[in-house]
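*Asks:* So the chains spell out like this:
2 protein chains.
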Amino acid sequence: MPVNYVTPAPQALYPVAGIRLGLAEAGIRKANRRDLTLLALDPGCSVAGVFTQNRFCAAPVQLCRSHLESGSGIRALVINTGVANAGTGELGLQVAQQTCAAVAKLLGVEANQVLPFSTGVILEPLPVDRLIAGLPRCIEDLQADHWHAAAHGIMTTDTVAKAVSRKLEINGTRVTLTGISKGAGMIKPNMATLLGFLATDAGIPESLLKQWVREVADESFNCITVDGDTSTNDSFILIATGQSGVEFVDALSPGYTVLREALISVALELAQAIIRDAEGATKFITIAVEGGLTRDECKQVGYAIGHSPLVKTAFFASDPNLGRILAAIGYAGIMDLDVENVQVWLGAGGEEILVAEKGGRAASYREEEGVRIMLSSEITVRIDLGRGKANCKIYSCDFSYEYVKINADYRS
Amino acid sequence: MPVNYVTPAPQALYPVAGIRLGLAEAGIRKANRRDLTLLALDPGCSVAGVFTQNRFCAAPVQLCRSHLESGSGIRALVINTGVANAGTGELGLQVAQQTCAAVAKLLGVEANQVLPFSTGVILEPLPVDRLIAGLPRCIEDLQADHWHAAAHGIMTTDTVAKAVSRKLEINGTRVTLTGISKGAGMIKPNMATLLGFLATDAGIPESLLKQWVREVADESFNCITVDGDTSTNDSFILIATGQSGVEFVDALSPGYTVLREALISVALELAQAIIRDAEGATKFITIAVEGGLTRDECKQVGYAIGHSPLVKTAFFASDPNLGRILAAIGYAGIMDLDVENVQVWLGAGGEEILVAEKGGRAASYREEEGVRIMLSSEITVRIDLGRGKANCKIYSCDFSYEYVKINADYRS
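Residue numbers (our numbering), protein chains in the order written: chain S, -2 to 409; chain V, -2 to 409.
Because the hints were derived from the structure by calculation, they are not lab data. There's no promise every hint is true.
Identical chains share a label here; the pair holds if one copy fits it or two copies do between them.
Said to hold, decoys possible - As a list, the in silico DSS-like pairs of lysine-lysine whose alpha-carbon atoms are at most 30 Å apart:
{"#": "1", "residue 1": "Lys386", "residue 2": "Lys355"}
{"#": "2", "residue 1": "Lys355", "residue 2": "Lys27"}
{"#": "3", "residue 1": "Lys207", "residue 2": "Lys386"}
{"#": "4", "residue 1": "Lys402", "residue 2": "Lys27"}
{"#": "5", "residue 1": "Lys390", "residue 2": "Lys185"}
{"#": "6", "residue 1": "Lys27", "residue 2": "Lys102"}
{"#": "7", "residue 1": "Lys355", "residue 2": "Lys390"}
{"#": "8", "residue 1": "Lys185", "residue 2": "Lys402"}
{"#": "9", "residue 1": "Lys185", "residue 2": "Lys27"}
{"#": "10", "residue 1": "Lys207", "residue 2": "Lys185"}
{"#": "11", "residue 1": "Lys402", "residue 2": "Lys390"}
{"#": "12", "residue 1": "Lys207", "residue 2": "Lys164"}
Produce the entire structure from the sequences given, and follow the hints as far as they go.
*Replies:* Here's what the structure looks like:
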C-alpha cells in the first residue's frame, strides 16, 4: 500500500502531441501481463537522458548512451519489464541491439534511433525472441492516450502505477507535461532512477535538454532513497516534441523559468511516488538539510539519515529515537562538523518541534510530542548544520517487516 | 541466537597479571543486572585506544581521548551499560568527569588516570548518582578472574557475552592475551567498535601500543558491519601490563611478529563474535575482496556488499540472487572498474564455485549449486577485481525480520 499516493485516472494523463504509446503481452517473465511498452516519437523530437553510474550498468543503458550521443534523432523507446538485461555480458549487448534493430525495421527508422530499456531481475538472459515477437502488437496498439497503460506496463515490484500530468500556459500557448516512473526497491539513484520518462510538447533543442535533464534529475530522482542500493538500470529520459508551438532556445527565451520549474516539479512528484510506493513503506520521510557549506555535504547528511536501518526501523515503530538521527548526522562524513551548532526539528501536519540543539536533546523537547509526530504518515526531519547557506531535501521511507519479506521473496 | 558462537567458560578466560575486574548492580537503566564494570590496572601498564569518528561522539569518548593524550598512566577503566551518555552536551561531559573523579578517589589515583565508557541508549541523561553509588561494590568485587562476568556486564542488545583468551610462548615465556567485546547493532566501526578491550601481560611501551592499536583495529573491528551505522561510542582499548616479563621495544624485539599476529587474531575473533551475534542474524558472511589497486577500494566494495539491504535479505532467504551482489560491486564507487575483469565466487564448507565473470553469469554456474551454498550458515563471497594486488576481508551478516523487530522495539 503506497503512502498517500493514488495513480491518476487515464483521462487525467494528457497526451503529448508527437508521442504515441503501445503495449503488448510478450511473456518476458510472467504470463498475462502487458510487459512490453513502445513509445513512438514523431520526427523532430529532442530527447536527452541521464543514466545510472553503476559500473555493472545494464546493456540497454550502454546502448542508450551511445544512441543519444550519436545525434541520430530518437524515434522510439522500447521498454520491457521482468528481466533487467544487466550482468549479462556480451550476449546482453547483442540482444539489446537485436531489440533496437527489430523496432527500427517495423517503424522504418535506423536502429540507433531507438532507445532500449529493461527492468526486472539482474543476471537473467533476456528472452529476446519473445520480446521481438511482441513488437508488432505494440505497434498496432499505438495511441497518444496510452500513458496510463504505459505506467502500468513498466512496473516490477511496484504496487501502483506512477504518473503525473500537467498543463500550463506559456506565452499564451497551452504546454503539456506528462511523465511516468517505476521503482520500489534498489532505489538510490545516482544520476536518475529506474525508470522515469517525462515528455513535453514544448520545443527545446537537445543541447539545452541535455543540460536540463541533469538539473531536473538532480532536484528530483537524485534526491530519493529506499535502501541505498543504486540500480544497474536507472534511466531518466526527457522528451520535448515541440508540437505545442512554444519554442525555447536558451535561458533568455520567454517562459524559460516557468517551464523549467514545471519540469522539476513533475519529476519530483514522479520521484516521490516511488518513495510512497517503496517496498514495505508505511511512512514518507522528508529530510530537509539546511545551513551546509555545500549542497553535497547536505546530501551526505540527508542520505546518512535516509539510509540508516536504525533510523528507518525507528520510524516504522513511530519511536522518536532521536539519538539514532544524531548518530547518523555524526557519521555522515563532515569531519569538521561542530555538533554544538547543529539543530534538529521533527515536523508533521504543519507542526514542527525542536528536538536537539547544542550537542544534545533540546531542553524544551517533550517525548510525548515526539511520539505524536512520529505517528504521522508524512514526517519531516529538518536539520540546520549551522555552517553555511547550502541546503537540500532527501526523500526516504521507513523500514518494515514487509521490506524484508518482499526482498526475501522477490525471485521466487 | 548467535551464528556458531558460544561464550567460553569462565575458566577458559585466563587472567592477565596486573588487571583485576569488579562488577556491581548500579540500576543504570534496568534492575537486577550487573551493569557497572570496573577494571583496575596495576601501575606501569601501557594503554592505547582508538575511538569512533562519529562527530556526535559520546562524552566518555571525549574524556578517553584527552586522558590518554595526557600521558597520565592509566589505572582504571569504568564501563556502564544502559545509557550511552552520547548526544548529552555539556551535562554529559560533566557526569563523565564526575564518574572518573569518583573512581579515582576510591582507588587513590588521579581522575585523568581513569578511562570512562558508556553504552546503551543515546540522548538519555546518565544517572551518575546511581553509577557512583555502585562503585564501592565494584571495588569489593575486584578479582583477576572476573573476565567472564565483565563480558556479560558490558552487554546491551547482545544475546551472548563475547570473550577470547589465548596463551602463547614468546622467547620461552608464557604470554597471555584476553579480550572482551560487545555490540550487536549500530555496527560499522570507523576506528574501533563499541566496545572492545584486549589485554596482554606482555610489556609494550605506549608509543608502540598506539601504533598497534590502530593496526589491530584496522584488521579486525574496522572490518565488520551489521547495518552501516557508525556508533557514537565505539572504543577499542589495548592494555599491556608487562607482568609476564616479556618486553617489546620495537619491531626488532624478538617475538614481535608472533605477538602482533596473536593480538590481531584475538581482536578479529572478538570482532567476528559481534557479527555472529548481530541483531537478527542467521548467517555469518565473509566478503573477501582481492585484486584491488588499494586496500581502501577493496573495503569500499566489501562494505557496499555488506551494507546492501538487498544482498542481506537475499542471504536471509538463502536465495543466490547474484545480480544484487554485482549491482553492489558496480555502485561501490570505483568509477574506472572494468566489469569484464571482475570474478565472483560463492563458497561454504570448503567448497567454492565461480558464479560471475566477464560482466555476467559464469557459463559453468548452476543455480542449484548456488542454492546449496546459500543454505549454509557461514558463507564466503570472494571477489577478484582484476586490477591490482590489494585485498581485504569484511565480515557481515544477513538481514532478517528479527532485525526489524529488535530495532522497532529497542527502547520500549
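*Asks:* Hint by hint, which ones does the structure fall short of?
*Replies:* none
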